[in-house]
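Given next are the chains, with one letter for each unit.
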Amino acid sequence: MDYRNPKIPEGINVTETHPLKEFALLSAAAIAGVLLLTLLVSLSVDWLVSYIPFEYEQQLVKKYEPEMGERDEVDAYLQGLADKVAVAMELPAEMKIRIHYINDDTVNAFATFGGHVMVFRGLMEKLPSENALVMLIGHEVAHVKLRHPLRAMGKGIVLGALFNMVLGQSSDSLSSLMSNTGMMTILSFSREQEEKADEEGLKALWRQYQHVAGSLELFRVFQKLKQEQGGSMPSLLRSHPQTTKRIAHLQQMAKMRHWSLQGKRHPIPASILSKLAADKTAISTRSKGVSD
Amino acid sequence: MYDLIVLIILLAVGYIFGRIAEARHYKSILRREQQYRNVVAVASKIPPIGEQLEASILVSGSVVISVDYFKRFLAGLRTLVGGRVVAYESLLDRARREALLRMKKEASKVGANKVFNIKLETSSISKNARGGVGSIEVLAYGTALAPVLQVRL
Chain A
1 MDYRNPKIPE GINVTETHPL KEFALLSAAA IAGVLLLTLL VSLSVDWLVS
51 YIPFEYEQQL VKKYEPEMGE RDEVDAYLQG LADKVAVAME LPAEMKIRIH
101 YINDDTVNAF ATFGGHVMVF RGLMEKLPSE NALVMLIGHE VAHVKLRHPL
151 RAMGKGIVLG ALFNMVLGQS SDSLSSLMSN TGMMTILSFS REQEEKADEE
201 GLKALWRQYQ HVAGSLELFR VFQKLKQEQG GSMPSLLRSH PQTTKRIAHL
251 QQMAKMRHWS LQGKRHPIPA SILSKLAADK TAISTRSKGV SD
Chain B
1 MYDLIVLIIL LAVGYIFGRI AEARHYKSIL RREQQYRNVV AVASKIPPIG
51 EQLEASILVS GSVVISVDYF KRFLAGLRTL VGGRVVAYES LLDRARREAL
101 LRMKKEASKV GANKVFNIKL ETSSISKNAR GGVGSIEVLA YGTALAPVLQ
151 VRL
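Chains A and B are the protein sequences, given in the same order. As numbered in my numbering, residues 1 to 292 make up the first sequence, in order. As numbered in my numbering, residues 1 to 153 make up the second sequence, in order.
Next comes chain B alone, as it looks inside the complex (with noise of 0.2 angstroms):
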């Protein structure tokens, strides 16, 4: 019977901190998102013609973030029955705009404010292993182009 006081309370723990920690990420990323946009994301793998003088740097940006033990549960739940895992929507959301903006920093830091044939890439970190909870691991990265006097290396 204990067990079910103690899973109260880890999900209680979990939605409590889950949900602060969500709040003040989206704020943060909300920011940042701001203050990067003048660095352009562009999906395409063709650079733009005609513009000289271009130096391309391989730029990336990644983040794990760890899910909490409510999502999990959430997600868990669904398993059962299916549809969308709604718990870990946002979680990946969060995951894919921090890479973006980790990515986009590094590359306003060498002088860039184009990012071309940016790919993404998402892993899930400890697995199905039983009992661990999963952490994601996103990987944004692109060819950053930045007028050649302008690099800092």
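In isolation and in its complexed conformation, chain A is listed as follows (with noise of 0.2 angstroms):
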């Protein structure tokens, strides 16, 4: 009996594809799915926040009220403040906002669940006038009013237990790539939030003076920090859109609007203002202590 071996022709056993073109076709389609996915779940907790009353953020953050630390003047100030920016904005009458002072170097603001807005001395005394402290609690008291806590939280939650879900399985390098095409798409409604929020801040310092002057001024302050600081992110990796892009936006709605950006700037109330001194002495003594 005779056996030979025939020459098998090259390439049965291996579909002829380029490996790159496989790759952008597949990556293509995975990140387009994460895209639908997050813009979907961005859709319906955008559409079911309407639905959570603000009553449940209260009593979400009830617990931790306690902590939050004595009022002192300067809260009571920022209060004052806060609530005529309140009555300003319209605010439905369950919706309270509590303003708190933090004794802290970090340039910095934020709102957070059941109308809570902290304000860090380390912005405050960097701010040139009561109306760029307006547009701050603005900006801030917005954020509470849209509810963006709340739902920068819900979209956090439930996309991040889909893509564990969807990449529980998978490789690490792969689930990179798609946590990293839906951090980027959060950040980009994070963007839209902070574009939502200064234009409600710039109405309430409207309607509060009946002119916008000092509005860029708080936006300046970050600036300059910038400079001081050095460094920058493209804007895509931002949860903030560029700083000169936010004065733009500003500067064109107070245009259309016939809004003038120049007019009388009150001062920050002088007792405040050597307040925050002191306690910027009281903070750094005692670091030098700990450090000594």
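Just so you know, not all the hints are guaranteed correct.
Claimed, not checked - Quick list of in silico lysine-lysine cross-link-like pairs, DSS-like style, CA-CA up to 27 angstroms: (1) A:196 - A:96; (2) A:7 - B:105; (3) A:21 - B:27; (4) B:27 - A:7; (5) A:7 - B:45; (6) B:109 - B:45; (7) B:119 - B:27.
In short, the hints are calculated from the structure, not lab data.
Relying on the hints, combine the two individually framed chains into one complex.
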């Protein structure tokens, strides 16, 4: 009997596709899938949020309230401003704003669940006028009004759970691609929220003073800070829009509505400023004591 | 964010080195397949009838090939939508042919020109260990038949 091995034609066991083509196709599909999923979740969360009473939010953070510290004169001053902003913004009656002053060098402020707004000393002492402070408070109160903390958390939780489920079995590298895509989408929602909050803040400022002078000073503080610290991130990776874009957007809005950017600026009361300075020295001596 | 940059670098490294390694390997496989064409590999269990004075010797050849980062990523993407895992097809094709070649080399060393009852076994080395880049082993073995006088052990 004669045995022979015929010459087998090349490539019958391998599909002729360029790996890069396959890569492009599959990654595009995966990214599109994540985008679609994120969009869908985002839309449904936005829709659901309108059915969640503000009271639930308040209950959610109730147990943390004692930890928020005692209220001093700066708290009271900020609360007064916030209450006026709340009126100017026509907040629903149940949406109570509670503003907290935090003695810390951080140059920031944020709004969280249940109408709590935190303002850091670091930012407050850099603001040149009460008008800028009102703009800041207006921005944060707008986050509360538009239920942004709840929306952001809702989307974060649902998407986090979904990604974990889908990507639980696949490789780490793959989940990195997917979660990064998801994160960038969420960041774009975040930038959208910031823009809306800026608009609402400007509106509140105008309602209170009949001009919007000082509104841009807030952003100049951030610009200056960025120049000092250096380094910049691409727009795609930011939670907030570029400061220059925010300024331009507000200028355009003011121009369209004929809101004057010039007007009388009110200073922050001297008693408050001296309290801020005292708090600053108190904290720096304390930290020195620790480091010694 | 940095993990995305790292990912892209790893993918590029995997792709470039994987492609070079694969091209080289195929070149060598084609050359050696020509070289060992005189050793006939047969799947049949039944040895040729009527040929006398034959010695039978177990010959085997095994190879372990690692998947590269790019291929693994591609296969991972495939798990989402299903379909042919093209990225692994060439990997396994190479491994099977290499294992057969090593087996034939051994057969030709002992002076055989036929290998009967050929079996191929495949196993994945790292299984599904998380984070580990998988490797595959292919083992080919069979019974080499050689004229008794020619056997060199």
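These are the hints, each one checked on the structure:
A C-alpha spacing of about 20 angstroms is found between residue 196 of chain A and residue 96 of chain A, which places the hinted pair at or below 27 angstroms, so the restraint holds. Annotation: proposed proximity of residue 7 of chain A to residue 105 of chain B holds, straight-line Cα distance about 18 angstroms (limit 27 angstroms). For the hint linking residue 21 of chain A to residue 27 of chain B, the alpha-carbon distance of about 23 angstroms falls within 27 angstroms, and the restraint holds. Distance hint between residue 27 of chain B and residue 7 of chain A is fulfilled; the C-alpha atoms sit about 16 angstroms from each other, no more than 27 angstroms.
The straight-line distance between the Cα atoms of residue 7 of chain A and residue 45 of chain B is roughly 22 angstroms, inside the 27 angstroms bound, and the hint therefore holds. Restraint check for residue 109 of chain B and residue 45 of chain B: satisfied, since their Cα atoms lie roughly 22 angstroms apart, inside the 27 angstroms limit. Under the criterion of a C-alpha separation no larger than 27 angstroms, the hint pairing residue 119 of chain B with residue 27 of chain B is consistent with the structure, at around 25 angstroms.
When each numbered hint is compared with the structure, no violation occurs for any of them.
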